[in-house]
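Given chain A's structure and the hints, the job is docking chain B onto it.
Protein chains in written order, with the numbering used here: chain A, 556 to 1094; chain B, 7 to 183.
Heads up, some of the hints might be wrong.
[Stated by the list, open to error] Capping the alpha-carbon separation at 25 angstroms, the derived lysine-lysine pairs in BS3-like fashion look like this: (1) B:Lys65 - B:Lys78; (2) A:Lys924 - B:Lys51; (3) B:Lys75 - B:Lys65; (4) A:Lys852 - A:Lys716; (5) B:Lys75 - B:Lys126; (6) B:Lys75 - A:Lys1092; (7) A:Lys985 - A:Lys1092; (8) A:Lys924 - B:Lys46; (9) A:Lys1024 - B:Lys161; (10) A:Lys969 - B:Lys103; (11) B:Lys103 - A:Lys924; (12) A:Lys924 - B:Lys161.
Treat the hints as calculated values from the structure; they're not laboratory data.
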Amino acid sequence: MSRIYDRRSGDWSEGPAITTELLRDGEKVVAFAHQIIELARQVRANALGVLLYLADEFATAELRSEYDNPADLTELRATAVADPATLFEGASISSDEQSYRLFPYPAAGGEAIATGIALSKQHGLFFDQLRSVSEEQNFPVIAHALSAPLVALLAVPEAAKPTRNKPFMAVLYYSPFTVIAFFNEHGDLRLLRTIQHRGQRRPLNLRDITTTTLAALELSDPDVFILPLTRNADPTVLVDLQSKFTKSRVDTVDWTQTSFSHRNIPAYCPELLIATRPASEAMTGFSSTYESLVADKWVQQNFLPVPLEVAEIYPTHKEVKLLRTIRLARVAVVVIALLTIAWALLGLFQMTRQPAWAFEPQEAATVQKSVAALTVERQQIDHWDNLLEDRSKGWTAMELLCRLFPENSGLLVKGFNHTTRPEPAPGKAKVGFVKEWRITGFTREEGLERLNTINSRDGINAIFAEVAKVTGNDAYRPDVGNRSTLVNVRLQENNSFRPRSTEELLTADTTSYRHSFELIITQRFEASDPLALNVSKAP
Amino acid sequence: MYYRQSILFFGLIIPLLIAGLVVGGAFYARHNVAESFSTKEKQFKLYEQNKRSADALDKDLVTKRDHVKRWKSLLAEETKSQVNNHIRKIQDSPLGKEFQQTSTESLNSQGGFASVSAQKSSQIRLGFRGTYRALQRAFLDLETRMPQLQMQEIKIDANATQASMNNVDVTYTAWEN
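The shape of chain A in the complex, shown without the other chains:
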């Protein structure tokens, strides 16, 4: 029979029918494997575990006497799997046909530290086919063969509730054999013995065997617990033992009254529940034997493991975990790479949206040449603007003369000389210049006032400003730049003067003027003046 356990819900349900015939028929095993994988897929499971509880055989093998150090148990456990012949007594030990596992006797003072459990590999075909279909279907199936009596042994403290500080023995009653486990008063396992039924319904010589074994182990009046693990348990076994152990507690465990009972699991198959439930405090705290059985998983030893050479081609659990972790890391790396590409593309996209992206550098050169050409043109224009400034014109000089000496002002001009000369300034881009007016003539008394006006700073500036306004010539503006205007008037007595009456006066008659004069006006333009002259050649 088979049952399906859903770890997520904790529910048990009936599984596909499984018989001894099926286990030995390759084609049926394949069909069975397909069936259970399909069932697993239907409930969206990502893996499947197949536990085969071997309850059709059980044999022990004696550990050679030289192996008596409990500290070597771990090493011996591995040796039992790989090279059982070196550990166990018996010349016919063949690891090709039999599967050996070490099982400890943790009780102190015992003769042996462990025993060997031997099971045949008759169900190897079933596991091989199962693993083959798993591979073919690409669906993980982990197959594990457990010894049913060893699993059942684990339930003794909780199911039988042995009396503290009293030895006891557990009679695991299967259909083809009976396993008797002897425990000392501390609850530690001393010995496992098997009685094959050899076609009988119950173990023969049970009383004798237990009596001699108890004597050999020096255990007296132990409690006896019968664990019925077959649907056809013979009740006379209880009676038989009760008659033998009259001073002891002799009980048959009723599985339906224990925690190892479920409505979908037959009462005689508690191993399914024992193996799938976490160990309780009642188990681990019962004795050092049980603590070791749970902690070191002695009862969960697989009797039909994948051959080492085949197992090596499959990844280990750690490797699968590593693979999953790496998958996450890879996703993170891919995300980082994609984000980086997105970042780069975004940057590129933002750049392409700028007007500068479509810009052709040749255009810059063209515009630069154009600017250079226009700048030169501008410099040329500025240069000629400067050279052609109205800084010195004949007609304005003549206008100044008129404004200096208006008609009938009592003044007669006889000579006028106006010069313009630059003031050299080596190394400078511009030079200033000096304009000089030298005027000679005669004046009567009324003309002296005019000469005085001309000779004053305000007077000459007013006349220059008037000329500038009338002619539009900025060279006469006294308010531009740092222009300075100096006036020098020199008066002399006219030696040829002859006094006359007003009626006799003639403008052109020089003898009618009491004074002669010489007027010198000097106007200086600095190099910083807007009218200063460029000394360079046109660009």
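Positioned in the frame of chain A, the structure of chain B alone reads:
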């Protein structure tokens, strides 16, 4: 742990290397493009600045080009003949009867503004006799027609025989192209 190295190598190291190449490539590409774009952006800004300058300059110069053209044609002519031509035209006007040109002389020495400027120039001395107003108008006319004339010296003397007439000597520096 038969597959540990393979898992690490093919599952982590190779993808890390590929991702490293991709990330490195993305960084390198963006950095390169950004650097190139930055240079281009600088050129573009310079281009825009130059274009604005060119537009402003062109706008400014477009109003002056006609004047420049006229200046250049004036400056290209020989000064003495140009002065004489203009004086003849002025003398053909009603004003011409009130003054006479008494002399025209080209000077070889570089005086006045010409002595400090590297710009090509020539010097010319003119002599006139006429009424004051006529001569002033004639100078106004001549100097307006020939803005390249920079007066270096002017000397005015009253005519000894005719009271209303003046003798004028004027020396010009004429800029030439």
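Evaluated hints:
Of the supplied pair hints, the one linking Lys65 of chain B and Lys78 of chain B holds, its CA atoms being roughly 20 angstroms apart against a limit of 25 angstroms. Straight-line distance between C-alpha atoms of Lys924 of chain A and Lys51 of chain B comes to about 16 angstroms, which keeps the hinted pair within the 25 angstroms bound. A distance of roughly 17 angstroms separates the Cα atoms of Lys75 of chain B and Lys65 of chain B; the hinted pair therefore holds under the 25 angstroms criterion. With a CA separation close to 22 angstroms, the supplied pair Lys852 of chain A and Lys716 of chain A stays within the 25 angstroms bound.
The straight-line distance between the Cα atoms of Lys75 of chain B and Lys126 of chain B is roughly 18 angstroms, inside the 25 angstroms bound, and the hint therefore holds. Pair hint Lys75 of chain B plus Lys1092 of chain A holds up; C-alpha atoms about 18 angstroms apart against a cutoff of 25 angstroms. Restraint check: the Cα-Cα separation between Lys985 of chain A and Lys1092 of chain A comes to about 12 angstroms, which is no more than 25 angstroms; the hinted pair holds. The hinted pair formed by Lys924 of chain A and Lys46 of chain B meets the criterion: a straight-line CA distance of about 18 angstroms does not exceed 25 angstroms.
Note on Lys1024 of chain A and Lys161 of chain B: the hinted pairing holds, with a Cα-Cα distance of about 24 angstroms set against a maximum of 25 angstroms. Under the criterion of a C-alpha separation no larger than 25 angstroms, the hint pairing Lys969 of chain A with Lys103 of chain B is consistent with the structure, at around 24 angstroms. Of the supplied pair hints, the one linking Lys103 of chain B and Lys924 of chain A is violated, its CA atoms being roughly 55 angstroms apart against a limit of 25 angstroms. Between the alpha carbons of Lys924 of chain A and Lys161 of chain B the distance comes to roughly 50 angstroms, so the proposed pair goes past 25 angstroms and is violated.
Checked against the numbered hints above, the structure breaks hints 11, 12 and satisfies the rest.
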